[in-house]
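Turn these sequences into a full structure, and let the hints steer you where they fit.
One line per chain: the protein sequences are A and B, in this order. Sequential numbering of the first sequence, starting at 63, is according to this note's numbering. Sequential numbering of the second sequence, starting at 63, is according to this note's numbering.
The hints are simulated quantities; they were obtained by calculation from the structure and are not laboratory data. Fair warning: there could be bad hints in the mix.
Said to hold, decoys possible - Coverage of chain A stretches by chain B, computed from C-beta distances (three or more under 8 Å per stretch; other residues unrestricted):
{"id": "1", "region": "95-103"}
{"id": "2", "region": "126-138"}
{"id": "3", "region": "141-150"}
{"id": "4", "region": "385-397"}
Claimed, not checked - Distance windows between CB atoms, simulated:
{"id": "5", "chain 1": "A", "residue 1": "N352", "chain 2": "B", "residue 2": "D293", "range": "52 to 60 Å"}
{"id": "6", "chain 1": "A", "residue 1": "R230", "chain 2": "B", "residue 2": "A114", "range": "50 to 58 Å"}
{"id": "7", "chain 1": "A", "residue 1": "H417", "chain 2": "B", "residue 2": "A114", "range": "36 to 44 Å"}
{"id": "8", "chain 1": "A", "residue 1": "P370", "chain 2": "B", "residue 2": "A114", "range": "51 to 59 Å"}
{"id": "9", "chain 1": "B", "residue 1": "C263", "chain 2": "A", "residue 2": "R354", "range": "51 to 59 Å"}
{"id": "10", "chain 1": "A", "residue 1": "G88", "chain 2": "B", "residue 2": "A290", "range": "41 to 49 Å"}
{"id": "11", "chain 1": "B", "residue 1": "S171", "chain 2": "A", "residue 2": "D182", "range": "52 to 60 Å"}
{"id": "12", "chain 1": "B", "residue 1": "D293", "chain 2": "A", "residue 2": "P370", "range": "52 to 60 Å"}
{"id": "13", "chain 1": "B", "residue 1": "D434", "chain 2": "A", "residue 2": "D182", "range": "34 to 42 Å"}
{"id": "14", "chain 1": "A", "residue 1": "A110", "chain 2": "B", "residue 2": "R138", "range": "40 to 48 Å"}
{"id": "15", "chain 1": "B", "residue 1": "A73", "chain 2": "A", "residue 2": "R337", "range": "26 to 34 Å"}
{"id": "16", "chain 1": "B", "residue 1": "R357", "chain 2": "A", "residue 2": "T341", "range": "31 to 39 Å"}
{"id": "17", "chain 1": "B", "residue 1": "R68", "chain 2": "A", "residue 2": "A110", "range": "47 to 55 Å"}
In this text, a Cβ means the ideal position worked out from N, Cα and C, and glycines have one as well.
Number of protein chains: 2
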Amino acid sequence: MAEPVRFTLHATDGRARTGTIETPRGAIRTPAFMPVGTAATVKGMKPADVRASGADILLGNTYHLMLRPGAERVARLGGLHRFMDWPHPILTDSGGYQVMSLGDLVKVSEEGVAFRSHLDGARHFVTPERAIEIQRLLGADIVMAFDECTKHPATHEQAARSMHLSMRWAERSRAAFLEQEREGAALFGIQQGALFEDLRCESAARLIDIGFEGYAIGGLAVGEGQQAMFDVLDYAPEQLPADRPRYLMGVGKPADILGAVLRGVDMFDCVLPTRSGRTAQAFTRAGTLNLRNARFAEDMGPLDERCPCPVCARFSRAYLHHLFKAGEMLGPMLLTEHNLWHYQEMMAGLRRAIHEGRAQAFARGWIDQAGD
Amino acid sequence: MAEPVRFTLHATDGRARTGTIETPRGAIRTPAFMPVGTAATVKGMKPADVRASGADILLGNTYHLMLRPGAERVARLGGLHRFMDWPHPILTDSGGYQVMSLGDLVKVSEEGVAFRSHLDGARHFVTPERAIEIQRLLGADIVMAFDECTKHPATHEQAARSMHLSMRWAERSRAAFLEQEREGAALFGIQQGALFEDLRCESAARLIDIGFEGYAIGGLAVGEGQQAMFDVLDYAPEQLPADRPRYLMGVGKPADILGAVLRGVDMFDCVLPTRSGRTAQAFTRAGTLNLRNARFAEDMGPLDERCPCPVCARFSRAYLHHLFKAGEMLGPMLLTEHNLWHYQEMMAGLRRAIHEGRAQAFARGWIDQAGD
Numbered sequence: 063m064a065e066p067v068r069f070t071l072h073a074t075d076g077r078a079r080t081g082t083i084e085t086p087r088g089a090i091r092t093p094a095f096m097p098v099g100t101a102a103t104v105k106g107m108k109p110a111d112v113r114a115s116g117a118d119i120l121l122g123n124t125y126h127l128m129l130r131p132g133a134e135r136v137a138r139l140g141g142l143h144r145f146m147d148w149p150h151p152i153l154t155d156s157g158g159y160q161v162m163s164l165g166d167l168v169k170v171s172e173e174g175v176a177f178r179s180h181l182d183g184a185r186h187f188v189t190p191e192r193a194i195e196i197q198r199l200l201g202a203d204i205v206m207a208f209d210e211c212t213k214h215p216a217t218h219e220q221a222a223r224s225m226h227l228s229m230r231w232a233e234r235s236r237a238a239f240l241e242q243e244r245e246g247a248a249l250f251g252i253q254q255g256a257l258f259e260d261l262r263c264e265s266a267a268r269l270i271d272i273g274f275e276g277y278a279i280g281g282l283a284v285g286e287g288q289q290a291m292f293d294v295l296d297y298a299p300e301q302l303p304a305d306r307p308r309y310l311m312g313v314g315k316p317a318d319i320l321g322a323v324l325r326g327v328d329m330f331d332c333v334l335p336t337r338s339g340r341t342a343q344a345f346t347r348a349g350t351l352n353l354r355n356a357r358f359a360e361d362m363g364p365l366d367e368r369c370p371c372p373v374c375a376r377f378s379r380a381y382l383h384h385l386f387k388a389g390e391m392l393g394p395m396l397l398t399e400h401n402l403w404h405y406q407e408m409m410a411g412l413r414r415a416i417h418e419g420r421a422q423a424f425a426r427g428w429i430d431q432a433g434d
Numbered sequence: 063m064a065e066p067v068r069f070t071l072h073a074t075d076g077r078a079r080t081g082t083i084e085t086p087r088g089a090i091r092t093p094a095f096m097p098v099g100t101a102a103t104v105k106g107m108k109p110a111d112v113r114a115s116g117a118d119i120l121l122g123n124t125y126h127l128m129l130r131p132g133a134e135r136v137a138r139l140g141g142l143h144r145f146m147d148w149p150h151p152i153l154t155d156s157g158g159y160q161v162m163s164l165g166d167l168v169k170v171s172e173e174g175v176a177f178r179s180h181l182d183g184a185r186h187f188v189t190p191e192r193a194i195e196i197q198r199l200l201g202a203d204i205v206m207a208f209d210e211c212t213k214h215p216a217t218h219e220q221a222a223r224s225m226h227l228s229m230r231w232a233e234r235s236r237a238a239f240l241e242q243e244r245e246g247a248a249l250f251g252i253q254q255g256a257l258f259e260d261l262r263c264e265s266a267a268r269l270i271d272i273g274f275e276g277y278a279i280g281g282l283a284v285g286e287g288q289q290a291m292f293d294v295l296d297y298a299p300e301q302l303p304a305d306r307p308r309y310l311m312g313v314g315k316p317a318d319i320l321g322a323v324l325r326g327v328d329m330f331d332c333v334l335p336t337r338s339g340r341t342a343q344a345f346t347r348a349g350t351l352n353l354r355n356a357r358f359a360e361d362m363g364p365l366d367e368r369c370p371c372p373v374c375a376r377f378s379r380a381y382l383h384h385l386f387k388a389g390e391m392l393g394p395m396l397l398t399e400h401n402l403w404h405y406q407e408m409m410a411g412l413r414r415a416i417h418e419g420r421a422q423a424f425a426r427g428w429i430d431q432a433g434d
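Below you can see the structure in the form of structure tokens.
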């Protein structure tokens with residue numbers, strides 16, 4: 063019988079924490095950045111190269127995978143890990159966030175969410191029970207409760223009503239998860255409450271009452287801006303149990319992650335490093351670069367002189383500029399790889415800094431050089 | 063001082079030959095297949111993965127590189143090898159073939175070829191001397207003489223006139239190459255003469271009289287069909303020196319290559335494995351597959367059970383089908399890699415078979431299973 067998921071804290075520095083989430087498929091070092099593998103692939107990356115960048119865990123998108131290739135099909139093919147050749151941990155979102163973003167194609171009720179596929183217009187209905195079932199079929203190691211991501215901006219009344227619905231769905235998600243009797247998998251609850259401290263507090267209490275292996279902070283990075291997000295993160299992580307991982311969903315820019323880690327967050331996911339890689343945006347320790355810019359046409363230097371990634375070791379800015387100008391696939395491939403290394407190197411640096419009691423200085427130094 | 067390029071024959075089997083072309087940047091095992099790296103990249107492949115597939119040498123396209131990023135720019139950036147991180151041998155075509163295919167945008171004279179760039183309409187004029195200069199700037203290990211690829215079909219008179227022009231250009235190419243005094247680089251002449259044995263014979267004699275480190279057979283694979291091509295290859299290779307490599311340009315399908323090797327050809331290049339990889343066509347020992355076909359949606363097998371490539375070791379047909387249906391970059395990436403391995407494995411098998419005196423049986427067995 064597989065071991066359950068277990069979180070161990072190794073060191074704290076102020077509110078920043080570093081630790082390990084042990085899962086049957088391997089350890090996740092926290093603070094952790096999870097690359098996004100929307101459709102059973104981190105776009106433009108072979109899984110072994112994702113692993114080499116330092117990723118301990120990937121995020122898969124339930125919404126996309128349920129539509130194509132389909133959860134039952136993935137299950138028949140041996141599960142998502144085998145399907146995409148990623149034998150390490152996978153976290154799947156519950157699909158709620160992406161379903162809600164379909165706008166007019168969505169109808170939310172107490173029972174669940176009715177929507178039409180963006181691919182073929184087919185009707186679907188997802189309940190908390192079905193969301194948990196889909197994530198079981200995919201074989202996720204970390205399963206997310208089904209929630210409604212409260213729209214921004216929201217009044218206190220709107221945020222309360224939405225949060226209360228998410229909490230009822232969290233309870234149903236937990237019941238469905240426990241019925242599966244899945245050894246070695248974890249279910250995370252998702253705190254909502256928009257920008258209201260009292261609602262965040264109530265949501266956290268409700269989730270703790272239900273009991274989860276980890277807790278996500280949802281409903282942020284939806285347009286409120288970094289300062290408003292940090293204002294929530296000044297109290298939200300501490301409303302959640304200290305002995306469980308805290309996951310800030312969909313975040314973010316390097317400076318967002320640094321600020322959130324200093325406020326007690328352990329896990330992150332974001333499409334930014336991969337999406338930026340496809341649009342010629344490079345993250346470096348000296349700021350971001352647009353590789354399409356003509357000033358790189360004869361720049362023989364690497365993207366980032368201090369980056370240990372295989373791209374910086376082998377290729378010049380001039381070459382990457384050429385690849386993007388020529389529309390060559392290798393441009394997005396190489397820049398995605400570099401950006402993922404950049405993120406993982408930042409996370410590794412953060413973990414060391416927390417161990418050594420210099421997390422604040424590390425974050426300040428990084429932002430001073432790379433920008434916010 | 064670098065060693066000159068040297069060709070050593072190790073074994074023959076009928077007219078089939080196996081040997082090694084030694085260059086200062088490494089050895090090329092023949093019969094050799096050269097992947098095409100048009101714009102300083104084999105599309106969708108990291109150079110280390112191209113190398114791992116068994117490629118000893120790449121082909122670069124002079125026409126594309128002279129337009130973007132530009133030959134002088136590549137030279138300022140340290141040459142093509144460094145630019146694209148391919149430290150092994152590179153052969154560059156002379157640009158003639160691709161310039162001619164521009165159709166109405168081209169004007170051929172005794173002096174050279176005037177044309178407009180397909181990228182921006184800018185006027186260019188390439189002479190044999192400039193073609194050799196461009197290839198020097200790129201840093202090619204094997205340089206091709208500038209020629210006119212005779213259009214198909216051609217009358218005897220048209221083919222003769224075109225071939226005679228190419229032979230005058232071959233002489234100018236040789237003179238320009240010798241003036242460079244490039245140690246360690248080789249210049250190959252290109253035989254023309256369309257489908258006419260007497261013209262092929264005359265062209266070969268003319269080239270031998272000028273003297274080259276290797277000889278290409280040009281003007282084939284331009285629409286004449288496999289049988290007509292084989293009819294020419296029944297005599298053309300033997301018109302060329304036995305102690306120099308023979309290169310059949312732009313060929314081809316696996317069955318074309320097998321037939322040409324049996325007729326005494328040593329080197330090949332073709333976009334087929336890479337282009338097919340981007341259009342979901344897989345080469346396998348049991349025939350070609352279209353990965354978009356719905357019958358692969360739940361096929362857990364590898365592309366080719368007998369293929370030792372990293373793609374077949376890790377990914378199912380079902381996964382590749384999914385990637386192509388979802389429009390994911392990883393589909394073309396993985397299928398290109400597999401197809402390149404397929405070609406290189408065939409070449410390696412051919413080389414062994416020639417050593418062991420069973421080249422005919424190898425070719426027949428391969429075609430019986432994989433189709434022609």
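So, going through the hints one by one against the coordinates:
1. 95-103: holds (count 3)
2. 126-138: holds (count 4)
3. 141-150: holds (count 3)
4. 385-397: Since three or more residues must qualify, the claim that chain B covers the region 385-397 of chain A holds, with 9 doing so at under 8 Å.
5. A:N352 with B:D293: 52 to 60 Å: Check passed, 54 Å falls within 52 to 60 Å.
6. A:R230 with B:A114: 50 to 58 Å: Given about 54 Å between the Cβ atoms, the range holds.
7. A:H417 with B:A114: 36 to 44 Å: Since the Cβ atoms of H417 (chain A) and A114 (chain B) sit about 37 Å apart, the hinted range of 36 to 44 Å holds.
8. A:P370 with B:A114: 51 to 59 Å: 22 Å, violated
9. B:C263 with A:R354: 51 to 59 Å: Hint holds: Cβ distance 52 Å, inside 51 to 59 Å.
10. A:G88 with B:A290: 41 to 49 Å: At 59 Å between Cβs, range violated.
11. B:S171 with A:D182: 52 to 60 Å: 57 Å, holds
12. B:D293 with A:P370: 52 to 60 Å: With a Cβ separation near 57 Å, D293 (chain B) and P370 (chain A) satisfy 52 to 60 Å, so the hint holds.
13. B:D434 with A:D182: 34 to 42 Å: Check passed, 39 Å falls within 34 to 42 Å.
14. A:A110 with B:R138: 40 to 48 Å: 35 Å, violated
15. B:A73 with A:R337: 26 to 34 Å: Since A73 (chain B) and R337 (chain A) have Cβ atoms about 53 Å apart, the given range 26 to 34 Å is violated.
16. B:R357 with A:T341: 31 to 39 Å: Since the Cβ atoms of R357 (chain B) and T341 (chain A) sit about 36 Å apart, the hinted range of 31 to 39 Å holds.
17. B:R68 with A:A110: 47 to 55 Å: Violated, since R68 (chain B) and A110 (chain A) (Cβ atoms, about 38 Å apart) do not stay within the stated range.
Hints 8, 10, 14, 15, 17, counting from the list given before, are not met by this structure.
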